[in-house]
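> Each chain, written out:
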Amino acid sequence: MNIAGYEIQALETRVAREVRAEIEDFHNEYCNTLDLGDLDDWPGFFTDDCLYLITARENVEAGRPLGLVWAEGKNMLRDRAYAIKNTMMYAPRYLQHFTSNVKVLNMGGGQIRARSNYLLLQTLVEGPTTIHQAGRYYDTFVKQGSRLLLKERRCVYDTTLIANDLALPV
Amino acid sequence: MNIAGYEIQALETRVAREVRAEIEDFHNEYCNTLDLGDLDDWPGFFTDDCLYLITARENVEAGRPLGLVWAEGKNMLRDRAYAIKNTMMYAPRYLQHFTSNVKVLNMGGGQIRARSNYLLLQTLVEGPTTIHQAGRYYDTFVKQGSRLLLKERRCVYDTTLIANDLALPV
Amino acid sequence: MNIAGYEIQALETRVAREVRAEIEDFHNEYCNTLDLGDLDDWPGFFTDDCLYLITARENVEAGRPLGLVWAEGKNMLRDRAYAIKNTMMYAPRYLQHFTSNVKVLNMGGGQIRARSNYLLLQTLVEGPTTIHQAGRYYDTFVKQGSRLLLKERRCVYDTTLIANDLALPV
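Protein chains in written order, with our numbering: chain A, 958 to 1127; chain B, 958 to 1127; chain C, 958 to 1127.
Bound conformation, chain A alone (with noise of 0.2 Å):
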């Protein structure tokens, strides 16, 4: 699964290991926003001109720009998060995000290149916790003062059968 731009580069590992780090803390409170349904707040993760995809890994591997979510900008995540917050119907749930084996890929030009893994669980009321989709971020982070943002998130995920109509955050 080759993306452009997130070609491995050799890194110095002390570099790599601290940026890991702050990647690590990046994935937590972001992971912690969307499991806590603070909808509001997931757009601050990303920077103004940002990419925002969702996309199935057979799509990526076929050279498919195909995806679920494909949102420009950070308007776009605000408007998106009003939508599911205030005109979307569906079954309430609790979700939980898992993040694990962060690469630091290449950096250069003030751009963090990285790959993690994700799981998300699902939890509908009354009902057990479930796989609902995982996949790997592919995400291009920028610096802002010591706060990292996130240029480009694409989410590929594995799951083909996942619930096609509610495309919540990932």
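Please keep in mind that the hints were generated in silico from the structure rather than gathered at the bench.
Hints are not guaranteed to be accurate.
Identical copies carry no separate label here, and so any pair may be met within one copy or between two of them.
As the list claims (entries may be wrong) - With a cut-off of at most 20 Å between alpha-carbon atoms, the simulated EDC-like pairs for lysine to aspartate or glutamate come out as follows: (1) Lys1042 x Glu1018; (2) Lys1042 x Glu1015; (3) Lys1100 x Glu986; (4) Lys1042 x Asp992; (5) Lys1031 x Asp995; (6) Lys1108 x Glu1029.
Here the structure of chain A is known, so what remains is to put chains B and C in place on it, guided by the hints.
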């Protein structure tokens, strides 16, 4: 989900990351002890005056103090461990804990507060591995020498449909 | 579950944490290689005289040396990778490994022994993502230059009901 005492405080990055690594080490030991069934060693991870709770997220969000398990003091944990090993009847099973997304929330007065995700898998004899419970630890640690001990652990689970009749430690 | 050689030794915290980070980096590379189906690269993570096992936890606990997979030497891994890619018939699937709870057990004589949790998810075409196997790695690493290599990997799985006819690398 607001739990008194578990507010987020601005922490110096390097300190927070160091403490996160310590907590990850703690989780590794704690989880492995439970996973291997060494219940006798489980109370050793707590202070004498500890509080140990397992509560549903919906109860926490509604401000209800109800819980699946409520144990005060290390002796109650010892009693519990003894009961599970010697008097309770249940089908043998393997457990495996995964922890992720450890976030140090605040520090002060000799205490460290942190939040972590946990995923507890269960395998019954001749059965598949399933998700038994997924949730978050809200932990209050104190240091005894160089070792962390739990003064409080609140296990807040998303999974509403769990086997309430069998409350193994989490 | 006692496996000879994998006893816990007191280690200097800073050293153990540094080595843990190295092993986490190793897992990230290793797992991603398998997840992306790059089976040709898989033997490259091992020493020439390696031992690679996949065994059920119940066999390990009973002291039985039986295993689902038993491979000695890098050449057997190469044969295995070749067979899986070229001669075995099975439904296409996506795999995703999650690793967690890495614990350095002991170090000495140029070897590092560690235990880690793994969770292997599987997605068949048009199917949901399911838990294929969950277990623990018992690893013996040696260093080649600055790189870790597996001299031994024992995959001990909890999941008793796995597809025994298809033994993909873990």
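> Tell me, in ascending order, the numbers of any earlier hints that this structure violates.
As far as the earlier hints go, not one is violated by this structure.
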